[in-house]
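Chains as they are written, first to last, in our numbering: chain U, -12 to 98; chain D, 25 to 137.
Hint data in this document are derived by calculation from the structure and do not stem from the laboratory.
There's no promise every hint is true.
[Said to hold, decoys possible] Only pairs whose alpha carbons sit at most 30 Å apart, straight line, appear in this in silico DSS-like list of lysine-lysine:
hint, chain 1, residue 1, chain 2, residue 2
1, D, K107, U, K(-10)
2, U, K55, U, K85
3, D, K107, U, K28
The chain contents come next:
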Amino acid sequence: ELKVEQNPLFLSMQEGKNYTIYCNYSTTSDRLYWYRQDPGKSLESLFVLLSNGAVKQEGRLMASLDTKARLSTLHITAAVHDLSATYFCAATNTGGFKTIFGAGTRLFVKA
Amino acid sequence: EPEVTQTPSHQVTQMGQEVILRCVPISNHLYFYWYRQILGQKVEFLVSFYNNEISEKSEIFDDQFSVERPDGSNFTLKIRSTKLEDSAMYFCASTSDQAVRAFFGQGTRLTVV
């Protein structure tokens, strides 16, 4: 059964600093997603990662995938307050449509 | 930008009553999903729908739940006999292809009393 674990679950960081959120999944997966959720809001899709070694970047966020290690990372560069949100990773079972979410990382960027 | 719309935004219902949550996915999308999120907790997959049928469902999606795409534009989630533990935010999502980003609606907050 596919399980997804994220760490840390809570992250408080200073503006301008870099940090990485880790996402491990337990069995093979076809697709790895990263989402952002602001308090009381819906989910915003950030990245879809499909293959080993995939790297995607948008602004100060960069996501990567290592399928051999079953690990994805979301790297934050020079954090700004606007990045404060909860970030979820999610993985889809191989050959299927079922998407399992991690518990989420609540990020707070202090000015 | 096209968006997924959900109605109502908030629904309060008595335990044991039936509710229908409505979603209008983006028009050229082919894959449709329902998720739920109990307040402050993780997002849970309920069901996926493709080619006018359920493609996969979770253990949560038992006989009390059903989905329909009655008219080619709406995508509905029905809960036949609501329980207190069904109280959650329900999100609909759609995508044109599983390899690209999905778009989520703003959610329906369901409160069962």
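Cross-check of the supplied hints:
Taking the CA atoms of K107(D) and K(-10)(U), the gap is about 26 Å. The hint holds against a cut of 30 Å. Restraint check for K55(U) and K85(U): the C-alpha separation of about 21 Å stays at or below 30 Å, so the hint holds. Pair hint K107(D) plus K28(U) holds up; C-alpha atoms about 24 Å apart against a cutoff of 30 Å.
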